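Undergrad: Chain by chain, the residues:
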Amino acid sequence: MGNSLLNRIGIPRLIISLFLAFLVASAFSYGLPMGQIFGAMLTRFGMNALLVLAMIPTIQAGAGPNFGLPFGIICGLIGATLAIELDLRDFTALFFAIGVSVPLGAFAGWLYGLLLNRVKGQEMTVGTYMGFSIVSLMCIFWLMAPYTSPEMVWPYGGDGLRVTVVLDGRMEQLLDKLWSFTIGTVRIPTGLLVVTAICCVLLWIFMKTRTGLAMSIVGSNPRFAEASGLNVNKYRLIASVISCAMGAAGIVIYSQSYGFIQLYQAPLYMALYSVSAILIGGASLQRATITQALIGTFLFNALLVIALPVANVAMDSDISEIMRVIISNGIILYALTRKEVGGDAR
Amino acid sequence: MTATARLEMRNIGKEYYGNRVLKGVSFTLGTGRVLSLVGENGAGKSTLMNILFGMPVIHATGGFDGEIRLDGEKVVIKSPEEAMKLGIGMVHQEFMLLPGFSITENIKLNRETTKSSFLSRLFGKSMKWLDMPAMKHDARESMDAIGLGIDEMLPVKGLPVGHMQFVEIARELDKKNIRLLVLDEPTAVLTENDAEKLLEAMRILTDKGISILFISHRLDEVMKASDKIVVLRDGEQIAETTPSETTIEKIAELMVGRKIESGEMRGRPVSSIRDEYILQIKDLHVAMPGESVKGVTLDVKQGEILGIGGLAGQGKIGIPNGIMGLFPSSGDVLKNGLPVRLNDARFALDNGMAFVSEDRRGTGLLLDDSIEFNIVATATQIQGKYMTQGKIRILDSKGMGKYAQQLIKELDIRCTGPSQLTRRLSGGNQQKVCIARAITLAPNLLFVSEPTRGIDIGAKKLILDHLVKLNRENGLTIIMTSSELAELRSICDRIAIVYQGKLEGILLPADSDRDFGLMMAGEYHKFHEKEAV
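In order, the protein sequence lines correspond to chains F and G.
No gaps in the numbering here: position 137 of the first sequence is 378 in the working numbering, and each next residue is one more.
No gaps in the numbering here: position 75 of the second sequence is 96 in the working numbering, and each next residue is one more.
Take these hints with a grain of salt, some might be off.
[As the list claims (entries may be wrong)] Quick list of simulated restraints, FRET-style, between CB atoms:
1. F/Phe447 x G/Asn62: 46 to 56 Å
2. F/Thr366 x G/Arg132: 38 to 48 Å
3. F/Gln506 x G/Glu102: 53 to 63 Å
4. F/Asp328 x G/Ile413: 30 to 40 Å
5. F/Leu355 x G/Thr134: 52 to 62 Å
6. G/Lys271 x F/Arg451: 19 to 29 Å
7. F/Phe447 x G/Leu359: 51 to 61 Å
8. G/Leu355 x F/Gln363: 54 to 64 Å
9. G/Gly87 x F/Thr366: 44 to 54 Å
10. G/Asp152 x F/Thr366: 57 to 67 Å
11. G/Lys99 x F/Phe447: 50 to 60 Å
12. G/Gly145 x F/Trp351: 52 to 62 Å
Honestly, the hints are just simulated from the structure, not real lab data.
Note that the coordinates shown come from a computational prediction; the quantities given were computed from them, not determined experimentally.
Ideal placement from N, C-alpha and C gives every residue a C-beta, glycine not left out.
Put together the whole structure using the sequences plus the hints.
TA: What follows is the structure, given as structure tokens:
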């Protein structure tokens, strides 16, 4: 019984949970402000959840985690910057940004899906480099695009956007503050969590529709799918479209919570963080569930939030970023070396 | 017979997991003689060869009984390397050649002639240079010996298959200590002309004193080439004879044997099924690797159970796979008088056809999904069954579970519940899930391919019984493809035999073993023509 429970949780999750518990305990003993830390954990969870959920469609459709997520993210950044360029504020800005990003992201996903269908079996490598290339290409765009809003262009005048655009007074923490309240010293970002929950429900419903089921059949066994009269490429394409559209909306939500839009090289490693989060959650390269995405997002981000202050107090140095790199790359490496199919196969 | 035989197999027996696949096989093979092993698929030929070669699979499953003597000396062969050292060579049915290398390099692979070089003096043997002229000379010699007159430096890639076969033989011949050569269906991929040449080459080899163990399904070759014929059936040695003492038809009869009592045959008299055709296949070609169909014409009657038999690789499996749109196919197929669009799985499914694939784990199942989802998966896509009603239709988990529960009971699927992953089920229960999925589509024509391959006897009987039940109670027309003739004869009304991608003929379950044997060996018409003359 104990063994089967261990199998269900999985050794990596057990280790990470124990490590997290250890960090929480030490943070407590160092007398760090726990309320703030727990609040930050919740916020970071909500910020990243949609970006991690975006991995599910491509994994289920057999194209592996979407390493090409930066493609979608960039569409979200275009939407967000356009909202500022048009001098929009508050929910108008947020809805406009999302409204523009999602169709753009879907289009990007369609192009990316066409590419993925030509490189079956190497989606991850191709996706990674595709993401890198697009990010670099867009660096030129950010420099050349005819934006004029003084909040975004370089303060010393001329063309090109800044590396980080401040959202203060535009849509900073719009969702986080919506219906927000505090329990003890922990601030609950209610709006953000509600939006995350809605996204989960919508995705859950979609995955249960005929199209969603077809997608998961295609990913589970393409030969079976063909024998069932399904067009494998079509469903892989749909998965890529949805994933990139989710990535586009996800970055807008991420940015509003963060309070900044990060341009240029920032989206470069975003896909890697999302991939490692979902893999930490127990997903495999072939199968992923919403629960796994949520658990992974929480574990991964909680660890990052708490590791920094604890490390600062304990070692007088900032190793949080190093930790983050070690954990995210380590987990990806672990997942890639696992041969078996399915999180709990044998 | 000479004093000591080249090869003596004494009382060889083998058991796989309590399943006896070889029972006391004994024979001797003289120096410079040819012994043919014949038998249906699964008769034990490959197991016997695996034993002779010391294949790891034999020793990993508890070894074997009996003893092997080579030139009178008892040998214990633990690995293929040891077999090679003892002078046993093998030419496989599938070519084991490196396509990018020249013929010479292939022949001398891992036995290269080398000469020392500057580097080898410094770094040892592995740095020696190849002595290409010497290698070419050796290769030429072996090739000449078997009458292969092409340039020894040609790359293997692009050679006709016949030549590749000869290269393999030349490679074995080049091993100077070769005493015994095993040819495993060497003529299966050859044209008649090349096959003729191969038999010629075999004679040259035996003249040199090499003994040959010949495995073939082509009985006329067996009659021509061998000095001795051993017939295996279900792991038993049924007969040992010589070509002069026997005839092709006798061998055919021995191979098939009476494995079935007439009381077990459940097929109905042909007259009781009306001549109404549900499926008319005309000149069907299917490009399925290893099972290609080359022009089959066959009519299927409404309401019958039609068997398609034949040896492995002859194309019987290609027929259902082609019609169901899984492999590229061409030809004219009519279903209830209307043309079937080939190469379109969706069309076949939409038109009341369903398929239980022979490739259970590869095509038939979603191994990492639950039993219940496996059962309804195709139906949700094709017919929108087991979805909730309303604007947004999602999977109806409750309805699916209930239906799965019912089928689990009906088909006696042994599992922990409808949500168990199919990966964890035994082969027999996986097969039942596949059948459940097919009947969920409520087809009027069901293709079942190798339904009992690799599953235990209990599940076998249950599956066959269920097929008969579906046929009798629901009037479902079933086309069952199987390598097991006995099982075809037990439930089919008619049995079509496929040979070399074409229909050889149609037999009734009660027809003689001789006729089945002859048809499977492709000798039926030749034989009956002779008889008529």
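Undergrad: Hint by hint, say whether it matches the structure.
TA: These are the hints, each one checked on the structure:
Between F/Phe447 and G/Asn62 the C-beta distance comes to about 47 Å, which sits within the given range of 46 to 56 Å. Checked against the given bound of 38 to 48 Å, the beta carbons of F/Thr366 and G/Arg132, roughly 39 Å apart, stay inside it. Roughly 56 Å separates the CB atoms of F/Gln506 and G/Glu102, a value that falls within the hinted 53 to 63 Å. At about 38 Å, the beta-carbon gap between F/Asp328 and G/Ile413 stays in the expected band of 30 to 40 Å.
The supplied range of 52 to 62 Å is met by F/Leu355 and G/Thr134, whose beta-carbon atoms lie about 53 Å from each other. One distance hint, 19 to 29 Å for the beta-carbon pair G/Lys271 and F/Arg451, is violated here, with the actual separation near 59 Å. Evaluation of the 51 to 61 Å hint for F/Phe447 and G/Leu359 yields a failure: the beta carbon distance comes to about 37 Å. Judged by the Cβ atoms, the range 54 to 64 Å given for G/Leu355 and F/Gln363 is violated: they are separated by roughly 43 Å.
Checked against the given bound of 44 to 54 Å, the beta carbons of G/Gly87 and F/Thr366, roughly 53 Å apart, stay inside it. Here the CB-CB span from G/Asp152 to F/Thr366 is close to 43 Å, at odds with the stated 57 to 67 Å. Between G/Lys99 and F/Phe447 the C-beta distance comes to about 58 Å, which sits within the given range of 50 to 60 Å. Taking the beta carbon of each, G/Gly145 and F/Trp351 are about 59 Å apart, inside 52 to 62 Å as hinted.
In terms of the numbered hints stated before, the structure departs from hints 6, 7, 8, 10, listed from lowest to highest.
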